[in-house]
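Novice: Chains as they are written, first to last, in numbering that gives the first Met the number 0: chain A, 0 to 348; chain B, 0 to 206.
Simulated from the structure, these hints should not be mistaken for laboratory data. Remember, it's a predicted structure, so these values are computed and weren't measured experimentally. Backbone N, C-alpha and C define an ideal beta-carbon position, used for all residues, glycine too. There may be inaccurate statements among the hints.
Under 10 Å between C-beta atoms, here's a sample of chain A residues computed to sit facing chain B [to be verified]:
{"id": "1", "residue": "V31"}
{"id": "2", "residue": "V35"}
{"id": "3", "residue": "H38"}
{"id": "4", "residue": "R41"}
{"id": "5", "residue": "P43"}
{"id": "6", "residue": "V47"}
{"id": "7", "residue": "V159"}
{"id": "8", "residue": "W307"}
{"id": "9", "residue": "L308"}
{"id": "10", "residue": "R316"}
{"id": "11", "residue": "I317"}
Estimated spans, in silico, between C-beta atoms of each pair [stated by the list, open to error]:
{"id": "12", "chain 1": "B", "residue 1": "I36", "chain 2": "A", "residue 2": "A226", "range": "23 to 29 Å"}
{"id": "13", "chain 1": "A", "residue 1": "L285", "chain 2": "B", "residue 2": "E43", "range": "51 to 57 Å"}
{"id": "14", "chain 1": "A", "residue 1": "F70", "chain 2": "B", "residue 2": "T37", "range": "34 to 40 Å"}
In silico negatives: residues of chain B with every beta carbon more than 12 Å from chain A [claimed, not checked]:
{"id": "15", "residue": "K22"}
{"id": "16", "residue": "L24"}
{"id": "17", "residue": "I26"}
{"id": "18", "residue": "I28"}
{"id": "19", "residue": "R29"}
{"id": "20", "residue": "T35"}
{"id": "21", "residue": "E149"}
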Amino acid sequence: MEGLVANLIVIAIKIVVILLITLGIGAFLTWVERKVAAHIQRRPGPMVVGWHGLLQPLADGLKLLTKEDLFPRYGNRFLYYLAIVMALVPATLTFAVVPFGPEFTLFGITVKPILTDVNIGILLVFALGSMAVYAIALAGWASNSKYALIGSMRKAGIVVSYEVVITFAVMGPIILAGTLSTYSIVQAQIEQKLWYIWVQPMAFVVYMFAVLAEMGRVPFDVQEAEAELTTGFTVEYGGMKFGIFPLVEWYIEGLALSAIAVVLFLGGWSPLNIPFVGFIDPLFFLGPLSPFLWFALKVALVFLFILWLHWTLPRYRIDQITETAWKVMLPLTFINLVFTAIVAPLIWR
Amino acid sequence: MIKKVFEKPVSWIERALFLDFIKGLSITIRHAFRKTITTHYPYEKLTPPKRFRGFHGHKVVDGNEPQPAFDEWVARFNIHVQPGKSRCVVCQLCKRACPVPELFQIEGEKLPNGKRVLKTFNMNLMLCTFCGLCVDACPVDCLFMSDIHETACYTRKDAILDIEILEKIGKDWQLRRENEPDRIWIDDAQRKRLWYENNLSFLEDKR
């Protein structure tokens, strides 16, 4: 009985911490994105609210909250509100299977810094990822607007194509680790002394492309294509309801997929890796905190790389995007699978 | 003859290694770590060039009038010249040059000693296109255009300049910028900051 209560308390604390981290950082990432975009375009970005505009997300949130709440005339009110929930919940749930670091003991209780170490963690991530398409399709349908509908259709087409690709791309690391649990995948990489990016570079590239497509980032941002569709499926949303969609799609989902990329390819919380030899930890002086810092650092780097891509590349056409997915990416992942099957016994030993 | 120009096609090796991506990414990252080139507008302001067409003003009599034109016009119209007041000789040439003449309300007055003096000079800038024809027409270098360009106002009334405002703008201008060289690009530090990377040579640098 006492064990159960302790477990429940630990889980509650984990949930609160993870929610605070994801939603807090998600809001803060709007500032990061604006700064990165601005500096790439030789502007300083937000500078007025707080030190270098650090409180800008807060000001934006206040502004969005005080806006008038409009609803399209012949829209479907139930689906309109359901779409917001459907967007927010799966994206946030993804963090349930993201391992932030190794096990540690605190006050005699062993804590795994992962909410639920289910043995099908990766499957759960991609199941929740495909849930996002419901939110977008519903948002487009319920808004009763042609821009929103076209935007949501485009996004649905992209997500359907890239879900297949991303699933085959992560097959490689899963075979090498021999497990679907995110925690065990990282541990397998530490035991094998190998980040899977060294043997799976092709899968990593394909995965990054698929992440861009799922997040609706450039070069795959046809669903919002502001030149032709105003902002795509969020056209008829106003105030904070409008704010939640980019927050979810660009920041929370982006953060989650970056974290999964780190888990699958970059060795999770492990420090710098020399393949098959071992790990070098320049942050050893931080002691037990160093794995957490490594994880945060890697996720930040992957996320910044995505931002950098976003503010560099032009936009593809919808047919080019799906063509790349089915004709280039998918065959590449098949080749990668064959390659993995050859290499895997060497790595398993 | 039509010259056919094709894009250089991206080779397969370039495509496979994302060399075109990397080219673009290297450009953006290089720009990201350079100095920003913007002005933080309400806190920093650029000085417009001297020939900028902003709000109008009346230069005042201070001894620097264009001669002999000013004396000729004064003699012709028998104008009562007051130092520190507008140079206007009520010739109405600005109104004649203006594409929207009702913009100007100009009236002179005859003093008891027989001399004439300017009474009203109102400009309704709601009608103004800032074409500068009135400035070109002015024979005594009185009417001019200043560098005041922040012209937003709360009521339409604020867009009407009367003689007091015009003289104020003129005095301010003569204090600040009258002695500047009359070129389009002047060597002020703010604008130099904007163009620092273009290797332009400035007068200041040569000195």
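Novice: Mind listing which of the numbered hints don't hold for this structure, in increasing order?
Specialist: 1, 7, 10, 11, 13, 15, 16, 17, 18, 19 and 20
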